[in-house]
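Peer 1: The primary structure of each chain is shown beneath.
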Amino acid sequence: IGHPEIFPLVFTTKTQEIFNCRVDKDVTEENCFKLIKKEDIVQDLKTRAAISDFHPVKKVVLEYPGEELLVVFDANFQYGQNFYLVASEEAKENFLKPPKTEEESEEKEQTLEDDAYKHPVHKPWVSLGSEKEVEEEYVKDRVKKIKYMFSRARREFGAPISFTDKNASHVKDSYVECTSYQDKTFSIKVLEKDVGVQMVPKVTEAGTQTKWTYPKNATTQYVPRELSNEEKEEYLSSEKLKQFLTSVCLRMEIALQQNEIMNAFFDDWKALEEDENSSGNKTDGYLKAHRSFTDPRYLKDKNISCVRWHPTIYGMIAESVTKRSSEGERKHLQQDTAILFWSFFDPTHPQLKLEGPDDIDCFQFSPSDPNVIAGGCFNGQIVLWDISQYEEKLQNTKNAVGIRKTVVNMDNASALKLLEYNNVSEPSSMENDESETEQPSVRHCASSSTRYGHTKRITDVHWLPDYFEVNRTGETFQNRTEICVQLVTCSPDSLILFWDIRDTNFPAQQSSEKVKEKDRFDKVSKAPHTSKDPAVIWKPLIKISLVEKGEDHRVKYTPIKISLQDQHYHNKISDKAQSLNKPREPQESPYAQMGVHSNRSLKALQNVSNNFFVGTEDGEIIYSDWAIKVISDSEKGASMKHNVHNEAVHTVQRSPFFKDIILSVGGWNFAIWKEGVTKGPILQSGSTTRRCTAGHWSLTRPGVFFIGRDDGNIDVWDLLKESHKPSHIQSISASRLTCISPWIASPKQQFLAVSDASGVLHVLEICQTLSHPFSNEEANVLDYFERRVDRLKYGIDPEFESED
Amino acid sequence: AEVEETLKRIQAHKGVMATMVINAEGIPIRTTLDNSTTVQYAGLLQQLTMKARSTVRDIDPQNDLTFLRIRSKKHEIMVAPDKEFLLIVIQNPTE
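In order, the protein sequence lines correspond to chains A and B.
Residue 266 in UniProt numbering is what sits at position 266 of the first sequence, and the numbering runs on without skipping anything.
Residue 23 in UniProt numbering is what sits at position 23 of the second sequence, and the numbering runs on without skipping anything.
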């Protein structure tokens, strides 16, 4: 039971009595130790032998070295019995003393805490049974080993030996091998195996190259394909073409005839509506007074000889003012106003004054550049003005009203302006004289020479259209410059003169940087250039003198008005006028680019007619042409001459719609002529009560024209309504009307400028009925004229009948 | 000769403004207008005629274009096509 020195014993009551360890008497739980002598125990053993309680431990007792043995009362049966024997002295000591020692040590511990460490003392080894295990493991030979000793006989030592090789596998049983074999008992079938798996996407990089086709021009064609003349001839003479034409012709003719018969697409309903509109409302005043311009300073008792509208600026009119005196009283006039510019937005102050050497009888704006104005003077000179400087000002009149204008000095005499051809004004020399409200005054910048020009007053001046020009022999050429550069004038001195403005030093250069161009120009120009005084010798290009080549006498005609076939009309097309009405940015004048005119390399134009109509002072209408066959002989006779008016003809004008219809007004009547019909006028009005002093076609209605009267009335004639009397008479002023000029300001607004002899300029608005044409008015009017021509042909008196 | 006569006859009709004969490729052979206008008309009308012809034949392959008339505000263009040529007449149908 674990403890080798403890031997549990059962003590009977007898034993207890013997050894005086009776329970609860000698030995108690507390006092459980009993020391029994060894001799006693031995004696007991001998006496009681087998029944002695000490029998089992007899041996222990006998071997016990000490004298006394300890018996301990085991009240708790700790070791299984009620007593136990301690077999060793040491253990006995431990039992007896420890409680005491413990008690003692506990007491001593508190007092002897820092007792020195006792080194372990060598003690004799006590066997605990481990040597038995060691002995068991010890390997010993059980059986004695057998020893064998082999040796060679001595005599065989040192004998020659030969070794040979032998393959062990050739000889049977020379070796024993133990081959390996698969022992099934040792193979293990793998039923399950852990394998790692990874999913990897297979990624490959691949590339391709595609050819990107983009559209590329394979060929470019710049000019249309055409056939050469030979090829055309070949085609024309081929059989195939003939067949084609014969087969196709019929179809075409059917179609053409269909069209001639009737217009299948004619919208009757729409046509009805148009007529309705225009024929109603007769109660509208035909000419509404819109403005009137007069200025007491300049225009008192003056005669307005000519009125023209500014081609581009809205509401701008120019009028030329002359003294109301006869020719005899003509004196040298100083810088008196010749042309005044009026604007709608400022009815009391003229915007601009143009001055010339003399009174201006007639003037015209250049169609190519409205800043260039040509005028014909009383003394026979032509003058040119350039108002490009004022273009902007004029355009902004409606903003600038009320702002005081500045005076411009005419600084001709300054030597600095040697190279400056523009005598109009210098911005640098402009004196800002704010105190005066004068209008700028512009002097003319070119004028013709008095010697070579007309001798009498110039009564008519026109610009030649920009698509042709005339050279000295009267042939027409294509005008490369595409601006109007030539003028034609006529005067009662029987001369018709053609002028070229390139002969003057006109091109107005705005800045002095363009000196070089001017120099080049100067060298080639025939006229000697003087810069200060614009009195260069500007000679006419062609001089035509109209004479009647009678049998013996030559009567000179006295042309007053001239009308060329190809003339430039500003406002023929109304939509064109609208676009022109937008304010132009002050561009460089097209005349600035004008170079020298030369006749080489100019294309001759064949289809420009060089015929013209002339109305003379004696009332004759002359039809002639300016083709000069022989240079020296510049006298032309008339191919047609009629005296219809008995007094001076003051208006010869072509219709804006029909190039060959001319209106002539003079004396007491007017007449309408057709070019080519030489018998006489196709329409002639009867003599009226008052003189006709002014006349003009309407710009929008082909059959309408205006006649101004001596008594200040305007007659509106509408040929489609009544051709024997004016359709409308309106009184404008008290004095004689001198000039009428209509103007299309916008498709809805038409103005009529009427000037009279008392210096007042009236502007009237033409009502819609008078300005808006009917749907087929042109065709109707043309028809009417054709009928008149026919009547003439058949000998009917062209004087009007009471009905038509 | 004959060709001239026929063309003159057509030209003499009332209102006819221009007459031209062009070949199948659109190159003018004979014309009464100026070159640039003719070339323009020829090119444009030839294409239009081709288109019109193909339209008619697409709908019915047995059919073919015999005449083409284009009426505009100002005038009427009449085209008579053939295998190799085109006759174009511009007329002003005044009324």
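Source of the hints: derived by calculation from the structure; they are not laboratory data.
C-beta: ideal position from N, C-alpha, C; glycine also.
Hints may be right or wrong, so weigh each one.
Dumping the calculated DSS-like pairs for lysine-lysine here, alpha-carbon to alpha-carbon at most 30 Å [what the hints assert, rightly or not]:
1) Lys14(B) <-> Lys270(A)
2) Lys659(A) <-> Lys8(B)
3) Lys83(B) <-> Lys240(A)
4) Lys74(B) <-> Lys641(A)
5) Lys456(A) <-> Lys323(A)
6) Lys14(B) <-> Lys679(A)
7) Lys51(B) <-> Lys793(A)
8) Lys240(A) <-> Lys14(B)
9) Lys14(B) <-> Lys216(A)
10) Lys73(B) <-> Lys240(A)
11) Lys51(B) <-> Lys659(A)
12) Lys38(A) <-> Lys74(B)
13) Lys74(B) <-> Lys748(A)
14) Lys8(B) <-> Lys793(A)
15) Lys73(B) <-> Lys216(A)
Distance windows between CB atoms, simulated [as the list claims (entries may be wrong)]:
16) Lys288(A) <-> Asp34(B): 41 to 51 Å
17) Thr210(A) <-> Asp34(B): 44 to 54 Å
18) Ser36(B) <-> Lys242(A): 54 to 64 Å
Which stretches of chain B does chain A cover? Using the computed rule of at least three CB atoms under 8 Å from a CB of chain A, they are [as the list claims (entries may be wrong)]:
19) 7-14
20) 52-62
21) 73-85
Peer 1: Provide an ascending list of the numbers of those earlier hints which the structure does not satisfy.
Peer 2: Numbers 4, 7, 9, 10, 11, 12, 15, 18, 20 - these are the hints that the structure violates, sorted from lowest upward.
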